[in-house]
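Participant: What follows is each chain in one-letter form.
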Amino acid sequence: MTTDAHTADQPYLTAKGFCITSGLWLVVATFMGLLGATELIAPDLTENIGWLVFGRIRPIHVNLVLFGFVTPGLLGAAFYYFPRLLRTRIYSDKLGVVTVLLWNLTLVAAVVSLAAGHTQGREYAEMIWPIDMLVVAVFVLVFINLIMTVRQRREPVLYVSVWYVCAAVVLTGATFSLGNVIWQPTSGALVGIPDAILLWFYGHNVFGLLLTPLAAGVAYYVIPRACQSPLYSHTLSLLGFWSLIVVYTHIGTHHLLQVPVPTWLKVISIVDSVAMVIPVMAFLINIWYTARGRLGAIHADIGAKFVFTGTIMYFFVSIQGSMMALPQVQRVTHFNNWVVAHAHVGVLGFAGMIALGGLYYVLPRIAGKPLYSRFLADFQYWMVLIGVVGFTSVLTIAGLVQGHAWLNGETVYRVIPQIHVYYVYRAALGLMIFISAVLGLYNILRTLYFNPGEAR
Amino acid sequence: MKMTPMAVVVGSLMLLAAIVFMVVYMPWATRVEEPSEILRPRSDVEARGRALYIANGCVYCHSQSIRTIDWGLGAERIAQAGDYILDQPILLGSARTGPDLSQEGGEHPDDWHIAHFTNPRYTRTLSIMPAVAYLGQQNLEDLTAYVQGLGLKQADRRMQRQRFWKQEAIRAYEAGPVANVEWLHATVPEGWRNLPNPYPTSEAGLARGHKLYQDFCLGCHGPVGDGMGPAQPYLYPPPLNFTILKDRGISGGILYYQIMNGITGTAMPYFKKELESEKIWDVGNYVAVYFINQSDANTEPRGIDAANEP
Ligand code: HEM
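First to last, the protein sequences are chains A and B.
The first sequence runs 22 to 477 under this note's numbering.
The second sequence runs 612 to 921 under this note's numbering.
Please keep in mind that the hints were generated in silico from the structure rather than gathered at the bench.
Taking lysine to any residue and the SDA-like style, the derived pairs with C-alpha atoms no more than 20 Å apart in a straight line are: (1) 884/B - 871/B; (2) 115/A - 126/A; (3) 287/A - 639/B; (4) 287/A - 353/A; (5) 287/A - 643/B; (6) 613/B - 252/A; (7) 287/A - 267/A; (8) 890/B - 437/A; (9) 884/B - 422/A; (10) 883/B - 435/A; (11) 613/B - 253/A; (12) 884/B - 436/A; (13) 857/B - 798/B; (14) 822/B - 441/A; (15) 857/B - 796/B; (16) 764/B - 693/B; (17) 613/B - 168/A; (18) 884/B - 872/B; (19) 857/B - 805/B; (20) 884/B - 429/A; (21) 883/B - 434/A; (22) 613/B - 260/A; (23) 613/B - 267/A; (24) 890/B - 426/A; (25) 884/B - 431/A; (26) 115/A - 30/A; (27) 890/B - 918/B; (28) 777/B - 847/B; (29) 883/B - 428/A; (30) 390/A - 31/A; (31) 890/B - 430/A; (32) 884/B - 826/B; (33) 613/B - 179/A.
Per the computed footprint, the stretches of chain A lying under chain B, defined by three or more beta-carbons under 8 Å from a beta-carbon of chain B, are: (34) 142 to 150; (35) 212 to 223.
As the structure is a computational prediction, the values presented were derived from the model and not from experiment.
By construction, the Cβ of each residue, glycine as well, lies at the ideal position given by its N, Cα and C atoms.
The whole structure should be built from the sequences, with the hints applied where relevant.
Facilitator: Dropping the structure here:
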């Protein structure tokens, strides 16, 4: 990991654009989440405002978190470290800026169309065909920019972060097109059970082939940098990379264990869900051993602190996920708030934390000035950490209450009042996360613009 | 291993292709194509309702997939692959914030659904489902048609039953209160009719009954039991005004049976899944004491006193 004077004077416009995109949509996405959480406590708060109905707010929240906050955040860091790791300039900042603008346009279109009720009704694949096309276009543009940067590199060796990002962008372009059934523009769906199988193949790959490799790429860059120590093992990098692609792609059907899909497919998904410990631990051991004895350095850098915490969350969510794929466990956990807890540890605790970490690591380096406020960043760190741990606790409890009551023969209606208090806690925690997202956006903007700090 | 751009990009794409072949293409190529015994195509109006179901995100709170371990709504029938072969997209759902709807058709008559969609709190006081009155009357009817078709042929049989008893109930209601009460009670099996409430009225029991009434009955029968709850304008026959039951042969057994079993054809739902035995006696006695002002609690014949009686 060497850098040159040659790379130092870049404007990093694309990275900047993605960072701002991420910070901005984090605010909108968490607001939507907070609104949805509030509607579960006070369902008549937005009575008869069709475009704010829970069933429309929820997909807006989820899509914005995935494609508005986490993915751009992780790409923002990638557009910073690609030129540095490859000792070259980014292929085209002009193309990059166009990509960022198109990305934001896509997100606005997604929000407007989902609020208006234009949806294909498939989780994570809700967006209608024209917007699907925009998403594919954006991924193609990102890929062109990155792969051309790789081609003009002056560093012969490709570092592991580069593998992860290249693979994530290509594979997601492919699985997104497949999962959204883009050759069926009106329905965007297959028919019957195969539709569910394809949907969850794609749905799980949003986490497995997009968020996870992009986040791993950032962790592989930030942690050795912040610790000033070489990566622990090249072999583990290889093992982690290839096993992630092979194993993660097999497990989508663990969302369908209680549905009439072929048994052999369920068996594959369960076995591979347990085998997920291989890519997960290969990555984590590699990162954690790199950081061994240097936690002080990590603590000192707010970006690294976010990233390292994200890796701990990754450990938790993955071990939990492997357990949840066991049919006996899923009898209790399926269909209820347990899964929502898991989703938040994964997307906010792991991928989101690392996205924020990447952001706070690269922003001062792009600006050439220190972060506008370390305090605000630390505040956001604690709010997100408390938020995620709090969500996990209260939603897991709510999920257990629901799951056990149902197994016991109680109706859904009977259990609603029992989980009410947990919904209240959840909304309160959501409010904390939302407030910190607003302060975070302020911090990002002040770091890039109107930054009173000394240039370094 | 030397990681070149080629190795990363082409290698991972080739792996993906092989895996897609196995875990997506193979299940598609070997998919079930025989319809299950309940399958039938959806009518146009049901298809329009289904589009509304998708557009308004009902799928985020309702599954349509009954599992072997289920007890709740629709659990009489476990889902089969052949139930879904016409569904594009399939709407299995991933959360049960609300109940599974696979077999919702015919659980309630249409008027119950219109009241419920207008505002779920009207029929279900504690519901957290969003109101969808903003859709407008025509759309609510389409949505209702879709929901009433869930369960397909099995739902059709239940709907026939609903329609038959709806006619009977309307005829009785329009014949006036006396005839209506007579008809209502004639539908209760003889043994239940002559059965008094075997448990004595107690303060604790009435307090429990009060809570149950608020959580389950208020939206229809109203806070004072006169049938003027917020759902009333949508329901026909309207919710019963309990006060008309006095001196008309009402008994603890009739109350129990009607609450347990519901009155198919009217909006009155069954509560046998929701309320255990003691709760049904309690809410029935609450209605008897406060609204009918006539309770046969603890009168003969009542068998041996239960061990918990004071
Ligand atoms: C070893 C790794 C993992 C395994 C084996 C795993 C397993 C599972 C299982 C079995 C479910 C379905 C639960 C159910 O419906 O009953 C699930 C849901 C989910 N997982 Fe994971 N998980 C893993 C890691 C992750 C990670 C890293 C993320 C995020 C980046 C994540 C995000 C989610 C989300 C968002 C859902 C909810 C899907 C829905 O909408 O129903 N998971 N996971």
